[in-house]
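Could you slot chain B onto chain A? The hints should help.
Number of protein chains: 2
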Amino acid sequence: MSFTKLDELGRKLEALEHAQAMLGVDEAVQMPSGGGEKRAEAMATLAGMYHEMAAAPHIAELIADAESEALDAMQQAALRELRRTYTNLTCLSSDFVRKQVAARIRSEQLWRELRPTGNWKDFLPAFEGVIATLRKEARLRSDALNLAPYDAMIEQYDPGSRTSEISPVFAELKSFLKNFIPRAIEAQQKKPPAKTFNAPFPVEKQKALGQAIMKALGFDFEHGRLDVSHHPFCGGVPTDVRMTTRYNENEFLSALMGIVHETGHGLYEQGLPKQWAHWPLGRARGMAMHESQSLFVEKQIARNPAFWEWAMPIVSEHLGADAIEGWNLTDILTHVHKIKPGLIRVDADEATYPLHVILRYELEQDLVTGKLAPRDVPEAWDAKMKDYIGLSTIDNPKDGPMQDVHWPSGAIGYFPSYTLGALMAAQQWAAIEKATPSIAHDMRRGDFSSLNKWRHDNIWSKASTLSTPELLQQATGEPLNVKYFTEHLQRRYLP
Amino acid sequence: MSFTKLDELGRKLEALEHAQAMLGVDEAVQMPSGGGEKRAEAMATLAGMYHEMAAAPHIAELIADAESEALDAMQQAALRELRRTYTNLTCLSSDFVRKQVAARIRSEQLWRELRPTGNWKDFLPAFEGVIATLRKEARLRSDALNLAPYDAMIEQYDPGSRTSEISPVFAELKSFLKNFIPRAIEAQQKKPPAKTFNAPFPVEKQKALGQAIMKALGFDFEHGRLDVSHHPFCGGVPTDVRMTTRYNENEFLSALMGIVHETGHGLYEQGLPKQWAHWPLGRARGMAMHESQSLFVEKQIARNPAFWEWAMPIVSEHLGADAIEGWNLTDILTHVHKIKPGLIRVDADEATYPLHVILRYELEQDLVTGKLAPRDVPEAWDAKMKDYIGLSTIDNPKDGPMQDVHWPSGAIGYFPSYTLGALMAAQQWAAIEKATPSIAHDMRRGDFSSLNKWRHDNIWSKASTLSTPELLQQATGEPLNVKYFTEHLQRRYLP
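Protein chains in written order, with this note's numbering: chain A, 1140 to 1634; chain B, 1140 to 1634.
Excised from the complex, chain A in its bound form (with noise of 0.2 Å):
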């Protein structure tokens, strides 16, 4: 049988990926300098064996001969999503691959070297080459698929979301934003100031802190464990979740917010179904998804008040009595609710955030269309920062269009899973609230089992079997809807 083929062409796949998961892991987190070289050597060729045996001509014979196969519903659902996956990953040609990858690396060398000085000008070659070959890769996924160019690129990290649905929800939370920004940071500036932390903190004390959380919120450490790196990640795979931190003696927010951030995509993958791990059907959907995870993990969570009230006393249990010594539940919130607004996307607030991601969203889709060329986009960059957020970056490129590592790398299309996620984890925390009216009340106490167990059942357990906007829709009871994310603003940061 066709399906059955696929079915083992699969676990080889999937060998692969698990390979090339935890060398990726390791290298971060294990790997001394030195092997840097021959391990890159060994993943770059792992990834062509991989894209051999994941685009072989005779998958797609393999996939229509199984189409007629007797399947039942979920294997009909494995062969639909492989179907678009295949189409995905087949639609450029192996000469293009090989001259975009070439175009791509060279770009984000330049751009690692260039950054720390900001010199725009010098990258500018290396950042057309790429843009060049992203309107190439544009059109030829907008051939194969049928969608708009650019809709065929957000198609590769955000399934079934298109710039039809997304841009009036954007417009309206960008003008939302742009008056709600001003009157939180007036109501902010009425409130105590900040309290300092008591440090140091040890790293050992923090990890432990971090560990004591992840267990509680749901983290499974008989599959998964956290280390350290410089840049934090979740990693790994759904049986083996690595996730990594980095720490900050000086205060413990930081690290603690990154591990219940990465947390969230951690429970994710533990909670998608195994039997399917070896299909594409059973991976997460998306990175909008993803990413309505940790957000829900980090932003709904850990910076509701509720879980302010059970966590406090976990602090100082790891931290000692005296981390946070006559800190009241307000204390704690001035930290974790603070709005400020800033030039740096990774650096940003909750409610400024989605203004530095529809900044990108318009401006990438112009650079797609042509209509922005690459040279000129500092202006553009500063014209648009200067609207949104009142700061400007034309004499800062280094903290304007050069700080994220996105478009140097060729990835366009994936700035707006950030805020879609971002939207669609308000969205499906009010529609738990309105079935489990409880659930501050089982903050307080530590318990986020009804939290998971919506999670579980309407998000992981879901895995790939629908589109982004469909599983949506099918959680919470609507299609994707701004208010859920302004109200929460609102409530949250206005008196």
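The hints are simulated quantities; they were obtained by calculation from the structure and are not laboratory data.
Be careful, since some hints might not be right.
Given that identical chains are not distinguished, each listed pair holds provided it fits within a single copy or across any two copies.
No more than 20 Å apart at the CA atoms, straight line, and that leaves these computed lysine to any residue pairs for SDA-like [as the list claims (entries may be wrong)]:
hint: 1; residue 1: 1151; residue 2: 1190
hint: 2; residue 1: 1177; residue 2: 1423
hint: 3; residue 1: 1177; residue 2: 1150
hint: 4; residue 1: 1151; residue 2: 1237
Just chain B now, kept in the frame of chain A:
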């Protein structure tokens, strides 16, 4: 060119080996228990892909074609070694290998279960199954390699070594040791009693001590690291050598001696020629030569009085001034030169260890020929233990034939490597001492560079260009000669 095609194939195989090696390290060092099932599945799948690729029939044609191409001497050597490994890999049918793997897995699992209680009776049927397939394997290899069956098995672990050379050497060694050990013990009894350690020695301090000694011995931490695992090993790849140990807070010598032993393996791996890493030619020359490198560091260097003159202050520096306060050189040597006959091979000292190996060497030859039936192993073992070491295991199969994993997992022909390694280490030491009379002086200053240079030039850089006997002959100027080991023992243990 066929040689070029084989070179490309080698890079793919190397990437798969890299993945398997690192997944193995991660499993022992980092992996949470729940990750084990999927890891085993992934590693089995990768091993299958490797075998399919490495044993593909068209490789025989490529090798034959390449043999008529214009190649330099190293390329010719690479091709010869590839042919040798390809013949060894393909001389068993995949149907046979599948059955054998099943028998081995069943036997090894049963051994793990039954060993703690020494339940030989229930283990026997599985062991009989392993030995039956092993006899068939030896015959198949014998036919393919044109070697006697047991020699064909040794060839798997120690290419080029033959019983015709080993047996007279082991016979001489056995007769020497039966006379030497009682005399050495008598001399030992006249020495002052061993001082006790000023424990505890915290793990972090022991680790720093171990790393300092490793570094001085020449281990390159840019291309390797030291971790903790239940069973110490040296794994990874030559550009990224992963060593492990385990610590006992009550004393520091077992971890430190384990570390220096594995450092010997690690130095060999780090010293292999990088440009041939993706060919069998570039690998270390078999288990016996590998063991000669670990035993060289552990026995020849790190139990040498000159080493301890340098190392004792290093110990105090890392473990504290009171760790071995008031100890003189004799006090430390009492610990590292202790001879104590016992039942367990892995716990044996350097004088009694070869008798454990010779016992196994003699028995496993008879197991392969059929002269010894599996059910008669406990009696045969006991008879030799009483004869060679003066201890009985007849009522204690747990500490008799059930003590090692080798036979239960179907590894026969491996044991001689341990003692061949010890003999070759002594022979290498003698050759270096002759060429560089200053080595004792150098060691007293913590300078191991001349020891490493000789081994780099004569052993490590040669990789698999020669068979084990050829390599030893070329390095030391003569074939395997037991006198260097026996003279070493006499010098160290007799007054």
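Cross-check of the supplied hints:
In this assembly of identical chains, residue 1151 and residue 1190 lie within 20 Å of each other by CA distance both inside one copy and across copies; the values are 12 Å within and 13 Å between. Taking the closest pair of Cα atoms, residue 1177 and residue 1423 come within 20 Å of each other only across two copies (18 Å); inside a single copy the shortest separation is 30 Å, beyond that limit. In the homo-oligomer, the alpha carbons of residue 1177 and residue 1150 lie at most 20 Å apart only across protomers (11 Å), although the nearest pairing inside one protomer, at 26 Å, exceeds that limit. For the identical chains of this complex, residue 1151 and residue 1237 are inter-copy neighbours only, at 18 Å across copies versus 24 Å inside a copy, given an alpha-carbon limit of 20 Å.
This entry satisfies every hint, going by the numbered hints stated previously.
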